[in-house]
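The listed protein sequences correspond, in order, to chains A and B. All letters in the first sequence, in the order written, are residues 1 to 130 by our numbering. All letters in the second sequence, in the order written, are residues 1 to 185 by our numbering.
Simulated from the structure, these hints should not be mistaken for lab results. None of these values were measured; they are calculated from a predicted model. There's no promise every hint is true.
To give a feel for the contact side, a few chain A residues facing chain B, derived at Cβ under 8 Å [as the list claims (entries may be wrong)]: (1) P27; (2) P51; (3) Y91.
Built from N, CA and C at the ideal position, the CB exists for glycine as well.
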Amino acid sequence: MIRMALWLLGALLLGGIVHLATVLLLPRLASQDAYARVSAIAPLNSVVPIPPPTPDNAVMPFMDPAFAMSVCRYDLSRGSLKFSVPISQAYTSVSFYTRSDVAYYAIRQKRHGSKREATNRVPLLGEPGD
Amino acid sequence: MLALAVAAVIGLGTTWMALTRGTAYGGVTIGAWTAWPKNGTAGIDPYARAMVARTGELPVGSGDGVAFYARTDNSGEGLDGRCDVLVSGITPQARFWTLTLYDPEGHLVANSVQRQGFTSQEIVRKSDGSFDVIVGPRVRPGNWLPTGGIERYQLVLRLYDTPIGMATRGGTEAPMPSISRVSCQ
Chain A
1 MIRMALWLLG
11 ALLLGGIVHL
21 ATVLLLPRLA
31 SQDAYARVSA
41 IAPLNSVVPI
51 PPPTPDNAVM
61 PFMDPAFAMS
71 VCRYDLSRGS
81 LKFSVPISQA
91 YTSVSFYTRS
101 DVAYYAIRQK
111 RHGSKREATN
121 RVPLLGEPGD
Chain B
1 MLALAVAAVI
11 GLGTTWMALT
21 RGTAYGGVTI
31 GAWTAWPKNG
41 TAGIDPYARA
51 MVARTGELPV
61 GSGDGVAFYA
71 RTDNSGEGLD
81 GRCDVLVSGI
91 TPQARFWTLT
101 LYDPEGHLVA
111 NSVQRQGFTS
121 QEIVRKSDGS
131 FDVIVGPRVR
141 PGNWLPTGGI
151 ERYQLVLRLY
161 DTPIGMATRG
171 GTEAPMPSIS
181 RVSCQ
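Chain A on its own, in the form it takes in the complex (with noise of 0.2 Å):
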């Protein structure tokens, strides 16, 4: 009985650790991330639009329609880059991930008067002073 016991104590800590290595692998390992679904699209240290999302076919899930978004996977270890993006009327922002999908930092545009439909987001993925 306490064999038993003991024996499924250990089946139940074993899982346990196994649950918490895969959740925090995971994010290496997965082949599909936003990184990767960009790479195939985008070369390094280049604003390349992304083409809008329709019901068929989308870079990533999840994409708002209603903007215009480009991407720039971006790579510091050899200098500084200088980026510079357009701004349209309506709203206009940059936002900085790691290499791992995670979002560090934005910019937005300053706030002004005018009326356009026209927004733009631009995403840049690369991991900072790499």
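With chain A's structure known, arrange chain B on it following the hints.
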């Protein structure tokens, strides 16, 4: 040997459950809407990170905005694309917002008028500034968001340049639109 197999099944099973059922921490729930503002920061928790890696999405950065997800109406009933659902009210303060309809996996839904959502600029408001959106399978006058007749869908309200964040609580501080079922076939 059997113990190892059981352990593997338990471990992988619970991981799979956690990532597909959506058990992220730190959610801000207002009415039928829930957002995870922390997922747009460097403080994103390991479960949310794994979930994002699995789905392949890019979370909205917290400096950019915040995304509220609704899978049910205010009474807790799942959103059914064969029914007419009314989304009504006002949004919290934001420079720009979008309301988008996705299937449960985050794909846009095909429909005859190629409309996937509304933005704060194009939506038709009432004189008091609030709005009504009818989400349903058949053409409706006013703000009609087509469902394409799919069984399950979700709505995502993204607020850009907004003070809403981790410290936000529901109520007058953050008035979210209500979601209610009007009629069903």
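Hints violated by the structure (numbers, ascending): 2
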